[in-house]
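J.: Using the hints, put the two standalone chains together into the complex.
Line order of the protein sequences matches chains A and B.
For the first sequence, this note's numbering assigns the number 1 to the initial residue and increments by one for each residue that follows.
For the second sequence, this note's numbering assigns the number 1 to the initial residue and increments by one for each residue that follows.
Because the hints were derived from the structure by calculation, they are not lab data.
None of these values were measured; they are calculated from a predicted model.
Where hints are given, some of them may not hold.
As the list claims (entries may be wrong) - Computed list of chain B residues with no C-beta within reach of chain A, every gap over 10 Å:
id : residue
1  : T54
2  : I62
3  : N73
4  : E122
Claimed, not checked - A partial selection of chain A residues facing chain B, derived with a Cβ cut-off under 7 Å:
id : residue
5  : M116
6  : C147
7  : A153
8  : V238
Where is the CB? At the ideal position from N, CA and C, for every residue including glycine.
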Amino acid sequence: MVADTPNRPSGSGGSTATTSAARNHARAQANTVVRGMPTVPATAATDLPADVPAHDVLWDEVLEAGEYAAHVLPRGSVLRLADLEGDACAHLALHHADLPSERLNLADTTKVQWQMYPTTGAVLLSDRGRVLAVILGDSSGRHDTICSAPNQADHDAKYGDGRVEGAAPNARDRLIVALSKFGLERRDLPPTISFFKGVRVDADGTLRVDDVPAVAPAFVELRAELALLVSVANVPHVLDTRSTYTCSPLRITAWRGEATAPDDPLRSQTPEIERAYLNTDDWLLGRSS
Amino acid sequence: MTTLTDDVVAARSPWSGVIPAGGTITITDLGGNQAVDCLLFDAYDHAERYCAHTTMAAQRNIFLTTGSVLRSNEGREMLEIVDDTCGRHDTIGGACSQESNTLRYGHHTKHQHACVENFLYEGSKWGLGKRDLVSNINWFMNVPVEPDGTMGIVDGISAPGLRLTGRALRDVLVLISNCPQMNNPCNAFNPTPIGVVVTDS
Numbered sequence: 001m002v003a004d005t006p007n008r009p010s011g012s013g014g015s016t017a018t019t020s021a022a023r024n025h026a027r028a029q030a031n032t033v034v035r036g037m038p039t040v041p042a043t044a045a046t047d048l049p050a051d052v053p054a055h056d057v058l059w060d061e062v063l064e065a066g067e068y069a070a071h072v073l074p075r076g077s078v079l080r081l082a083d084l085e086g087d088a089c090a091h092l093a094l095h096h097a098d099l100p101s102e103r104l105n106l107a108d109t110t111k112v113q114w115q116m117y118p119t120t121g122a123v124l125l126s127d128r129g130r131v132l133a134v135i136l137g138d139s140s141g142r143h144d145t146i147c148s149a150p151n152q153a154d155h156d157a158k159y160g161d162g163r164v165e166g167a168a169p170n171a172r173d174r175l176i177v178a179l180s181k182f183g184l185e186r187r188d189l190p191p192t193i194s195f196f197k198g199v200r201v202d203a204d205g206t207l208r209v210d211d212v213p214a215v216a217p218a219f220v221e222l223r224a225e226l227a228l229l230v231s232v233a234n235v236p237h238v239l240d241t242r243s244t245y246t247c248s249p250l251r252i253t254a255w256r257g258e259a260t261a262p263d264d265p266l267r268s269q270t271p272e273i274e275r276a277y278l279n280t281d282d283w284l285l286g287r288s289s
Numbered sequence: 001m002t003t004l005t006d007d008v009v010a011a012r013s014p015w016s017g018v019i020p021a022g023g024t025i026t027i028t029d030l031g032g033n034q035a036v037d038c039l040l041f042d043a044y045d046h047a048e049r050y051c052a053h054t055t056m057a058a059q060r061n062i063f064l065t066t067g068s069v070l071r072s073n074e075g076r077e078m079l080e081i082v083d084d085t086c087g088r089h090d091t092i093g094g095a096c097s098q099e100s101n102t103l104r105y106g107h108h109t110k111h112q113h114a115c116v117e118n119f120l121y122e123g124s125k126w127g128l129g130k131r132d133l134v135s136n137i138n139w140f141m142n143v144p145v146e147p148d149g150t151m152g153i154v155d156g157i158s159a160p161g162l163r164l165t166g167r168a169l170r171d172v173l174v175l176i177s178n179c180p181q182m183n184n185p186c187n188a189f190n191p192t193p194i195g196v197v198v199t200d201s
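Okay, chain B solo, but in the shape it has when bound (with noise of 0.2 Å):
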């Protein structure tokens, strides 16, 4: 195994990447409660993308984790978490953007930096646009489901040096959106960096 790249990916900004079938990508909360949005699509096949919805209903689980399997809207495997040292992540909570940080905390919130504005910029570099982002992952996040059905992202779990690995059971491509949010608990208030390691098999 052979390390590709090795990044510290600033606070706020985005990663992009791809990881060959059978290697991995390690991603790791440097600061502590700091979410970590992502996207997968097949590498060579943008349309074939990480589908939350498909992985849930397969694991019958809204939480990842060590075991999880994350799949593809066509039903294929794309990643497999096989090392997590945070215990859960989350799948429902979407990405922050302007739009919808205008609904959640009023408009003048509309020109915070978000997590949609890293991934169409990052995506831009790939071809990839709007009608590519779907619901994504949220690494390090925390959103609990209460038996009435309320939702919502709530104080996190991690902390600092706490960290996933994901090996590649597919080339994919690795959209991250390092959260920017400081409106909501997702980053502790304080976005931090994130280490990014990408090795082959």
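In isolation and in its complexed conformation, chain A is listed as follows (with noise of 0.2 Å):
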């Protein structure tokens, strides 16, 4: 009867009809090797920078098309988001690690700033005037702080099923339960930013996705400057216009390292981020981490 079951999986062979079976049939399905997935532990990963030793890796990890993934970081910390092949967007959301109604806020880190396109030196800015993060490097340059994250209308009206156990999820819904799994709700997802796909703004105000070609692999390289909980979604950008849902591999490494020290030119390159590089201290005052 049972060697029929229709939901397992292709290969992995034996019969599953009493529970020492099952154990080994379950056992058996262990060392495969996809693509997209963590390495556990991720000090076992290979092809790192040259200046990373593999013992300071925290976290690495590929998600394929409608993959996500959450991790919290310390405080020091960079991390890597790679654009293996060229196609990746990768929705990002950061949360203050120790106080989590602490986020990312887009309209107060492209205004205090000035600028709609962060690139290398801009920071992440939370709602309470801190740096949650600063870009060390950026070989893109193609990156988007106006669309934010598609939802499921977006993708069942672009791929008729958006929901996340289709065939094409969506970021938002994603992202929703990357923090639920760290006891956070709904309405604790504020809006995202998205990397290696650019948005432009023309002066009447019209978006249009920009048409500079992408290179890969593409990088960029983010410093923890508090404790983080990072989630992100690798799904195709809200203003993709192909139907068909589409994004290469996107690789995300992480390894421990030294926040900003007080006297690195990356604190003074705007008073504006001078201040917020003074709040941030602030908060750590009396703090360990």
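T.: What follows is the structure in structure tokens.
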């Protein structure tokens, strides 16, 4: 009766008629390698930047189209998002891990820095006037602070089915599930920033997708200036006009590091950024992280 | 159509109310160049709220004016702008806060009144809190974006008596902060009262 169980993974073989057989069957599935999976332990990661020792790696994971992941990173760690094949879109939410009601504020991030198009040196600000992260490096320059994460209605309209359990999962619901695993709720998801798909504004306000050709691989590196809950979904940009759900793999790597030093020129780029770091320092007084 | 409420909101003050589906809200800039920060929530599910980003992406434009449909974070239609004598309104500039004021102008502004203070106080009457605040609308505020991405709040294009009317496409809770900002031109450095009129369908 069980031999024809339709949901059994192909190639897993073997009987599942008894608990013993089912256990053997389950264990035989281990060691399967797919592209979209985490490296566990993260210190086993390979193909790292030359100056990153494997023992410092905190997180290494590849997201295929539609996949998501979330991780808590200590202050000072570096988060590297890599667009491996030139067609990824990383939707990123940041929360202050020690005070999760504090989170990325896109409006403050752009307004305080007088700039809609963040790149190397830009900071990602919280709604409490503090630096969550600074962009250490950016080989892409194609990012978006305007459109945020597509929702199910966007995907229902474009792909026919945007449910998270379907073939074209939407970024908003993926990120809500990610936050829920850390005890947060729907209302905790702030507007997100997306990397590797640029959106530009014309003088009359019209939005257009940046026509600069993608280069692959491309990367963005962020340094956490506070302990962060990092949530990422790799989902096509909401202005992507292709009717097929198209998104190439995104690699997430993070490693241990030091927060930006008091004399680092990153802190004194502008008076606004300088004060944002002062506010961050002020939070840290008397705290260990 | 019956007028449900007809209020003058004092300079620097908040306002909130529910606009029934099919009803309207008309906001009038009584003194001229007065930024009006505004958030919308589904009246029955406050976790579904105005999303500036979904709204901009859907209309492929950052400016709000007649014909703009304000959408929720779930992509649903909340309010349509059916009349606008000002011409365009902002939704990228966000709300001023004590905390962001310290970055923008210096720590001496920490105790100046700000829109986030109004949103938190007025929102608390409806069970809303800090986690419910997201990118908002700034009626009558002028925020251009230059070709290199430079953006900023500049002198306004509004004037005394200019107004906009939105028609609710579902029952919508509206939260308003009549902006108290004194450090940039969003209120022409002179916060003034606004008119807020709500009608049923």
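J.: Next, verify each hint and record whether it holds.
T.: For each hint, the structure was consulted:
| no. | hint | in the structure |
| --- | --- | --- |
| 1 | T54 | violated (7 Å) |
| 2 | I62 | violated (5 Å) |
| 3 | N73 | violated (6 Å) |
| 4 | E122 | holds (17 Å) |
| 5 | M116 | holds (4 Å) |
| 6 | C147 | holds (4 Å) |
| 7 | A153 | holds (3 Å) |
| 8 | V238 | holds (5 Å) |
In the structure shown, a violation is registered for the earlier hints numbered 1, 2 and 3, in ascending order.
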